[in-house]
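Engineer: Just so we're aligned: 521 in this note's numbering is position 521 of the sequence shown, and the numbers increase by one with no gaps anywhere.
To be clear, the hints were calculated from the coordinates, so they are not data collected in a lab.
Any given hint could be a false lead.
Under the rule of at most 27 angstroms between Cα atoms (straight-line distance), these lysine-lysine pairs were calculated in the BS3-like manner [what the hints assert, rightly or not]:
# : residue 1 : residue 2
1 : Lys-379   : Lys-348
2 : Lys-379   : Lys-457
3 : Lys-176   : Lys-137
Everything numeric in this text was worked out from a predicted model, so none of it was measured.
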Amino acid sequence: MSQRRLFVTTALPYANGNFHIGHMMEYIQADIWVRFQRMQGHAVNFVCADDTHGAPIMIAAEKAGKTPQQFVADIAAGRSQYLDGFHIGFDNWHSTDAPENHALAQQIYRDLRDLSADQGGTLIERKTIEQFFDLEKNMFLPDRFIKGECPKCGAKDQYGDNCENCGAVYAPTDLKNPYSGLSGATPVLKHAEHFFFKLSDPRCVEFLQDWTQNGTHLQPEVANKVKEWFSVRSNPDGTTSEGLGDWDISRDAPYFGIEIPDAPGKYFYVWLDAPIGYLASLKNLLDKRGESFDDYIASPDVEQYHFIGKDIVTFHTLFWPAILKFSGRKTPDKVFVHGFLTVNNGEKMSKSRGTGLDPLKYLKLGMNPEWLRYYLAAKLNGRNEDIDFNAEDFMARVNSDLVGKYINIASRAAGFISKRFEGKLGAVSADGQALLAQLQNGLAAIADLFDQRDYAKALRDAMALADRVNEYVDANKPWELAKKPDMDARLQDVCTTCIEAFRLLSTMLKPVLPQLAAQVESFLKIEPMTFNNAAKPLGAGHVIGSYTHLMQRVDEKML
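Using the sequences and the accompanying hints, generate a full structural model.
Structural biologist: Quick look at the structure:
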């Protein structure tokens, strides 16, 4: 298999607060995929950054008595304890307020603005619009600080740019019964000149209809949802939606963001420069390595993948690919969309109701981060579906699957190898060979499931194989063999089969359990495990280290 070159990102977290468990789910999902690809020998650049711009940051910083830059820096300083704590291995973590992002955002804007007549002309247009103004705060209100009822589905308390209930995107002035999120006052309309990206241009519509619907870039259920946004359709209130509308990409001072070239007092809307932050973080990484960003990102063999939540599909499947395409850049190969993390059978997490999960508290209690990695992976598949965290299910899966089925195999065999055979593995007889062949035959299918992000089935299949190994152990009873002096050869044979099976299972679980896999490699005295080298047995005479317990059971009191 030839080496692939992959550029992988997760959605940029907004730098106004700490990570929550939903962030960790997405990072763990992407990290597992990246680790799997590296086990296949592929070259991956895995990056993210803090999304730092916009009025919410500006307002939060003002309340904290800090500059926006200092406020963001303080948030960023706390990121590593989460990422390191859950073994999430980004190659670079950057900021959308970094010089690279200012330069790239401004250049992409110029490229869209300066399209020649031969290319169909500019995709940037100036329009005078009516915009909500808060008389009490004396400022134009950003979308996120205008709330009201969604004009499409009628859901209350929705933001001014998109509805979290139905996914619709609209102008703030479309909201019903709007109010200021800053003062609570009813805002007034004032005229202001804004810059628009012409998403409704036939060039954009034609490109996006193909890009979103050709079966290549999006999951089928996501493509079906996106398809709705192209068509004229009836809304519950009797109005009609006219398909893709132009996208307001500017905001007026005061605003913490990137200035629009040749437009004093105008700044890019945060959602224009945020995804460009993916490229900026990559550029920062490659610059530090002395590699050419321009050569890398233009190379036809570089594949670009984004992991995102279903709440930001619009920006990543319409605006982002169109901006890249028409500024002369490569578009993403795939956008992988996941659902939300709920708790206790579908309930939305809520701090006020005490149903939130604090990742740092989890770690501070001494809970194993790989328990959570395994549990989330055991629920994640390649589709855009919500997954549920249930405490009893969490404890049962970890204690039953990881400890009872998997770790148990090594703990039942390694001691005999160390004490009775000086740590040396023996020859494997026919029944052991047959068992190991079943595991080796499962490697390719499990690898394919990891590639398709169907971790749930990959782990189910791995645990089904672990069941086969445990059946073999129960049938051969090494603890009974050890009591019979004339059965030493058979004891070594059975325990060697178990150790070889444990190594194969460890290979299958390595993307999910990287720290445990490193301990296994040390204990077995082997090179780093990959799916390619897994089929080669350790062989008779290979010496393993002494076994120390690899994983504890979940303590119900901690949970």
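Engineer: Take the hints in turn and mark each one as holding or not.
Structural biologist: Hints, one by one, checked against the model:
no., hint, verdict
1, Lys-379 - Lys-348, "holds, 17 angstroms"
2, Lys-379 - Lys-457, "holds, 9 angstroms"
3, Lys-176 - Lys-137, "holds, 21 angstroms"
Hint check: no violations occur; every hint is consistent with the structure.
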